[in-house]
Structures are given as structure tokens and as C-alpha cells.
Amino acid sequence: MNKHQKLLSCWHKLEHFSPASTPKASEKNVELLSEKEVWKIPLKSTDPNKVLEYTIYLGVFNSSIVNNFVIDYFKNNERDENFRNSKICYASLKLDENGKYINDSFGLSSLPWALSQLENNKIGNDNWETAFDLIKESLNEYIDLNFKETITNSNNEIVKISIVVSNNQLLKLQDKVDELSNWSVKPQREIYVKRIEKFKPKNDKESTSTTDILNSFYIKDLERIISNYNEKSLPKAFKQYLDGSVGKESERIDIIKDVQKLKSILTPTHYPDGCWPSDYTLSLMQQFAVNTIFNNLSESNQEGLFSVNGPPGTGKTTLLRDIIAPIIVKRAKELSKIENPSDAFEKVGSLKINGKKYSPFIYEPLKAITNGGIVIASSNNGAVENISKELPLKKEVSKQYRSHISYFKAVAEQCIHNDNWGLISAVLGNKQNSSNLVSNLWFNTDFKDLQSTLKEDKIVNNSEWNAIRITFKNKLDEISLEKKRLTLFEKEYEAFISTKDSLFKVTTALDDTLRNFEKMNITFENQKTKVLRLKEGKKDILNELAIIKSSKPGFSSYWLNKNKRNIYKDALETALNNYNQISENLNVESSILVKIESDFSTLKFLKGKQTDENFSLTKQLDELIILTDKARLELKNNYADADFWKNIESKKSQESCPWYSGKLKKLQSELFIISLNLNEIFILTANATSSRISTTLGGFFEYLKGDTKASKQEIKAMWNTFFLVIPVISSSFASIQMMFKDLNREDVPWLFIDEAGQAIPQAAAGSIWRSKRVGVVGDPFQIEPVVTIPKSITDNISRYFDLDKNQINSELSVQSMADRINPLGSYLTINSKKEWIGMPLRVHRRCINPMFEISNRIAYDNTMYNSTVDTNNVKVKFQTSFIHCIGNVVGKHFVQEQADIIKELLKEEINFNKSLPDVFVITPFSEISSSLNSFLFNPLLYEIRKYKEVSKNEMSEWLKTHIGTVHTFQGKQAEGVILCLGLDEKSKGAANWASQKPNLLNVAVTRAKYRFIAIGDKEIWNKQAYFNQLTNLL
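In this text, residue positions in the sequence shown follow UniProt numbering: the first is 1, and each later residue adds one.
Certain hints may be false.
Ranges of calculated distance between the beta carbons of each label pair, as one might list FRET restraints [unchecked claim]: (1) Phe-615 <-> Gln-260: 31 to 37 Å; (2) Asn-913 <-> Ser-116: 54 to 60 Å; (3) Asn-809 <-> Glu-985: 30 to 36 Å.
Cross-link-like lysine-lysine pairs, in silico, PhoX-like; alpha carbons within 25 Å at most [what the hints assert, rightly or not]: (4) Lys-892 <-> Lys-194; (5) Lys-491 <-> Lys-646; (6) Lys-997 <-> Lys-986.
Hints listed in this document are in silico derivations from the structure and should not be mistaken for laboratory results.
The model shown is predicted, which means the values in this text are computed figures rather than measured ones.
For each residue, glycine too, the CB sits at the ideal point set by N, CA and C.
Generate the whole structure from the sequences, applying the supplied hints.
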């Protein structure tokens, strides 16, 4: 096996070892199985609208037995100092208040069976799920045989109904579970009974329920991936993800330091044609991420994976919206190329639907229009559902567009939510969500649903289609022109810089030339004077020669008078010598003059040329100054001049979006709205021929209900048609396998993973394997994945597969794996350790100081910038502080004195607001959360009833949503937060656990927008890493 296969097999095995936890026997309404069945007393609910329900936990034993077994099996002497013993079980089921088995409530833990596979040396087998399913089937048959009886009902039908279960039957079932699990270890087992009250079902049908024991949702996908593994044909995004998971790293560009990379991506030509119609523009790093993901993945032949790191309040959801919008616009471009919408579909089959006479035809869309389907997935069910629910909300769109944006608006308003503007997204995943969508959208008897709309609003000719295509093209042309205009701004600034540099050089050179010209002019004049003097001197000598020659003695006198002859000869010779000398000097100096004159002429020409250039460049620069000043005035902080990039590490630059205009934002928003309109008209026009969309969607909704079977081609065609109508769906990772069970590798066009820092790496395997393009968004410095598999199992099984802790450990997440392979990111230094993260978002818009400062310091290496707008309209009375409070712990972590302070603070807030306050009470410890909920119920209920009538259920719901552990509040925010730290001298060791990493405190402080109080013993928490920052609030 290669590293990929070892990793996949290790993931697969580990997923079988999750223990099934049980409530504590000391909890309220939980007890050991008594001699007499409690449901035979019988007990009844005091609320006439509720009934009792019993959950039976079979084979309850200590988790330390598993831990010791694994250590002994692998002969490993390492001990996990952080191991905490707890109660776990083999199986569970539910009984109604009469003691009758509730259908489908039996759950079997895979852990004991997996331990038996381990001891039987079957760890190398990758088909565990098939064998485990056989055991579950056998036990369900046993329950059918022993917990039910066969009767003939009033319709003369033979049916099975549940009977009252006895203790003896439960003990026998426990033995049967133990026998089939086949684990050689036989721990001392107990049976726990938990009693709850629940609302009565709305009809008289036999009660159904879900099991309390949910084994891994990822096993089947992992087995499928393993069985289909081919190194040469791995999907690109999935291969990148596996590479990151086994520790491979890409060639990295630190985009915080590499300004050229930012400049190359943040240009008008790289901006998508569509954006979300909001009131804001994206910040620099948000836009960088959008441009990078869209431009590298949006073409039909593009595939791959990128990751984005989004610290608290940096706009991860905003980022997703602004990637979704251009994807929809991109598909609209392909749709607009189609002359006749009905020609974009081809019939590929028909469905047989159970119990129904009709078989709807299935039509497959053209491949070119199937690249726009988007799945948003997460391990955090609430977070991912919120995205799908928020996308179509009118309040998420700028007021100026709310009256214009529409996409099957009437259906969305009436069948989904009155605050929705369109059917852009749907919450899918689990069976209940799918059922809700089918009933609300397709079989809605109260309103005109999508089925009726497609049937009644068909557009029978292409006139509307042709008109919207023209509108779309015209708007696209406007965007192209605006991008060219903005590109011209960029070019004009480049020309301004170039011209300014050239003018400086020319001016400098001209100054030199002028100085040289003056010097040369003096030299030239001096040389001319010198030559003139030599010429005059030569002329004088010639005159002198003439005089000498004219005064030559006569023949007789010359030859007879030696003295005269010598005087003459000497005079003549001297004159001739002088003549020759001055002639020679004149020749030399005349040559010099010619050279000087030539150089002077050249310099004169250069001076003229440079003067002209200087004039021309000055004129150009003046014109460019006018143009750039005008552009700067328009773009304001988005004007990306040299100072912008020089000061890239400034709040001003990080808040900005280089070379982006308000006009482009408007045009992009309008094109997105037109794209939705075009999409709707396309669907209604295409459906006019053979109802090809209606029949395909009808088949799809039957498929979602589980009432039909179809071929792989038909199923893919139905999904593609559904995505054509509703482009965005959300699902938890737990539901992906079941929802997409019939989709294959790269069948999902786009996958965005939200809150990826909370998800274990294997959770995303099936989703990424099925996806062509993947964007991973999260934060490794917030809440880490919750891993229930014992560390001893994780460590030893990973060692068996030759994998180290860089490849398998409980702290790794989908985010950290994707970050490793992302070539674009940055390094942060956290607690003296360098961490590589994918493209970081850096502008924070939630918390004011000091909450922001604490978070930025402990978790983000001070790389964030705070753009939160402070407000005077804070609806919280308390002020930010640290309240030093000591006391004795009750239980493990709860300190009553701290709870008393919280009670008084919340009472003051109720009195201040005359309503329940927008305040969270957060704690690192679950025991404190539980104790606070119980302690605060009555005093807060009493206080709020002074101002308004609040029911006990409403009070209970407020406490449930406003008091909890740090883990329950990621993704949420409130005006004020109270952090209850608990602990005393005896229990202070728990503070070491809380402060191992910055994550817990980081999440806690960043839930608070305006006010934050920490309550605890300063002597304990001041000594802890990260938490010592809180004492600055004292």
C-alpha cells in the first residue's frame, strides 16, 4: 500500500472504534435496571400533552477496559495521562411509556465488535462494514421475533406490533449482543434506564424514533473510496487533500510578504463578472480569495482545492456569498448561449415509482450548464444550515436591490419563508430535511408550490427568453467596459509613474546638458578667440615676411657684405620659423575648434531635444495628474498607488479592494440579479416542451423520498436538473454518504466546506472525492474537532499503518490538511511555533477592544486589523472587566460564589433591558454549564416576570441557547459575554487542559461584540498561557 492507501485504511478502521457514551447513573431520571420494570408501575407524565419514553442502555461498562485492552494488545507501555474513565455501552433501544419497543430505535455500538476484529487480526480487511451490517440485521431480527407479536388488524392485514418488554428479555438481548460482538473480553455489564418526557405524536400511528447510538457515518464512503482507489485516476481535489493529509506540502507563496502576487491577482480583469448585491465591498484578502478560487476553478476543465482561513468576524459567510454569485453568473453565460432552452435537455430514461402508476421521464441537461451546482458541507449542522437559510433572506441583500431581486419569489415566500426573495438554496442532508423540502416545495397543499408553478407558468414561446438574453448580454458588455475603464485607471497610474520617472530622468539630464552647454559655449568662444588670434598672428608674420623680403640687400651688398647677409638671413629664418610655428598651432587649434564646434552643435541639438521632451513629458504628466487625481477621487481607498502597496500592512490597505469601483459593484450586482431572472425564464421556457424539467424534478423528489430506484445516469441527470433550479444546497458531513450514495467521483461541481477547523479529516473524504472543485473555509485556532476515539486506539492503529502523528492525531482537521497543500497562504507564529495557514482573511468586524486585541495577540500573531464600528447604543449594562472570585468547587469545576455573581449580573441586565438580555454565559467546562442552567432558572424567571410574561419553556430555551460550553457557541455572537472559569486550588489542574492552546479563549472572547467579563480566581488563571491576558482586564 502507498501512503494514500494506508491513510484511507487507517481512517476506515478508526471510525469503527468510537465508543457509545451513556448518561451517568447519578444524573436525574437515570437509574440502574431495577427488579421491577418501571414502565409497569406505571408512571405517567404530569403534562397531558407529553408522554414518557425510556432509553435502555445495554452492556454498560468502564471505558478503561477498552483502553487497557488496546495497550495490552499492541504491547505498548505508553500511558495517556489525559485519559478519563467513563461509562460506555454495547447497545441501546427505546421503549414507550407502556414498555413497548419503539420501532427503529435499536442501536449497536461498533466498538466491541471492532475490538474483536482487532484481536482476530482482521485489521487489514477493508470490508468491515458488510460483516457488521450482518450482525445488526441479525439483532433486529431477534428484536422482531422477541419484542413483537403478529396480529391481524382491523383491515384484516397481518402486522407486527410491539409488546411490553420485560427485564428478562432485556438481559437476554444484552447476552445476544455480547455473543454476536464476539469480543473475548467480558466486562462487568450493567443496564441503565433513562426516562424523559416528550410531546405526544400528532397522530395515532405507532411511535417511531431514532437510535441514541450513531456509529460512524463515513465508513461506507471510505470503503467505497478504498475499493475504487487508483493512483493514476484520483480526482485532482481529492488527491491534493490526501497529499496534504499524509504531510506533503506545496511550493508556498507567503501572500502577506509577496506583494507582487497580490498585485497580479487584484486587478480589474481578474474580478468576476458577478457579486452578491450587498452594501459593502470585500476587503483585500477576501477579494484575493474570491479571485483566486473563481479564476482557478470556474472553467469546465478546471478542478482542484483551495483553503481560506477565516478568524472570528472576518467574513467567512460573506466570502462564500461572493463566490456563489459569480458561479451562478458563470452558468448564466452558458445558458445565454442556448437559442432554444428545450434543446438543452435529452431524455435518458423513465422512473418506476413504488405504488404509483406513472413513470416520469428523466431529462439530462447539457454538460455545459451543469457546472453550477454548489454543496456547502460541514460537521457543524447548525452553521451549515444557517448559510442555506440566510442566502435567500431579503435582509441579506442591499435595500436598493430588494425590490428587484427575484427567483421563483412567490414560491420561496409562500412555501419556504416569507422573508425569502428566491429559491437559491435549500437545506438538505438528513431525511427530515429532505422530507421537509419535498413536502414544502413539491407537494404543498396550502400554497402554489414549485410543481404547480412549473405547470401553470410555462412560457410557450422564446420571446421572453430572447429579451432576457439581450438584457444579460448588454449588462455583461457594460461590465466589460467598466473593467476596461478601471484597467485604464491602472494603466494611467502606471503611465503616471513611468512618465514621472522619465520626466525626472529627462529633467536631470537636461540640467546636466544645460550646465555642459554653458561650459561648452565658453570653451567654444574661447577657442574661436584663440584661433582668431592665431590667424591674426599668422597674418602679422606674413606681413613681417613681406617686409623682410622687401628689405633684402642688393645682389652685391648681399654677397659682398657678410654681416648684412647674416642679419637678413637670421631675420628671414626667424620669421619663417614663427610662421611655421603659428601655422602649426593654428592647424591644431582649428582642429580643436572644429571638434568643439561639432560637440557644441550636438549638445545644442541635445538641449533642444531634451527641452522638447521635457515640455512634452511635463504636458503628459499634467494630463496624467488630472486623470489620476480624478480616478483617485472616485476610487478613494481602492486607488492602488505605490503608497497603497508600500503600506499593504496597514488597516487602510487591508480594508480596501484595489482598482474596484462602486460602478463595477453595482453592475456586478445587477448582472447577478439578471442571471437569476434568466435562469428562471430558461427553466419555465424549457419546461414548456414535454414538461422536461417538471418530470425530472418529480422523479428526483420521489427519489429523495426513497420511493424509487434509478440508473446512475438518471440519478446524475436528476441532481443536475435540481442544481439547475436550486443551485445551492447544504448538508452535514454525516448525511453526505446517504444523500449522494449514487453519485460518483467528481459528480458534484462545487463543494465548499464551512467551519473546516471543527471537522476530523476523514469526515470530508466522501464529499471531496465526489467533488470537482473544493473550497475549504475555517479556522484552526477556534474549536478543534471533537474526537471520541480513545487516544490509545488512535496512536496504536496509526502506528500499525506506519503513519506518524503528523498524519494521524486527534488535533488534525479538514482545515489543517487543506492548508498544508495550499500554495497560497502565510506563516503565523503561535507560542513560538510557525504555522502555515491557507489564504488568511485579516479584517475583523465583530468585536471592539480589548476582546479583539486579546484574540489577535494569542491566536493570530497580531496579523488582523480591527474595523469594528464602536457604538454608543450598547444594550448591555456591565462593563468589560475581570472579576476575581474564589470559592470551593462543588463537583469537579463549579464554584457557587461565581454563579452568584453571574446571577446578579444577569438580573441587572434584565432590569436594564426589561427583557432577557443579549448575553452569553460561556464556560470551558460542561459541569459548570449544566449547574448554571439549573441554578439560574428560578431567579431569572422571577426577575423577567416583573416586566413580561415568560413561560417556563421560554425560560428554559433561553438558558439553553445562552449558557453553555465554549464549543456550543462557535459561529455565534452577542453584545455581551460572561466567561465563567470555575476551579479552586484543589481542581486547578483542569486549567492546564483549558490553556493548552489559544483556541478555547479565542472563541470565548470573540463571541462578545461590545462587553466581556471573565469571572475566576486570578491566582489560578494568571499563571496559565493565553488566559493570563485576561488579568489585564482587572
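Cross-check of the supplied hints:
The supplied range of 31 to 37 Å is met by Phe-615 and Gln-260, whose beta-carbon atoms lie about 35 Å from each other. In this structure the supplied range 54 to 60 Å holds for Asn-913 paired with Ser-116, their Cβ-Cβ distance being about 58 Å. Remark: the range hint 30 to 36 Å for Asn-809 to Glu-985 is upheld by a beta-carbon distance near 32 Å. Note on Lys-892 and Lys-194: the hinted pairing holds, with a Cα-Cα distance of about 23 Å set against a maximum of 25 Å.
Note on Lys-491 and Lys-646: the hinted pairing holds, with a Cα-Cα distance of about 18 Å set against a maximum of 25 Å. Restraint check for Lys-997 and Lys-986: the C-alpha separation of about 22 Å stays at or below 25 Å, so the hint holds.
The structure agrees with every numbered hint stated previously.
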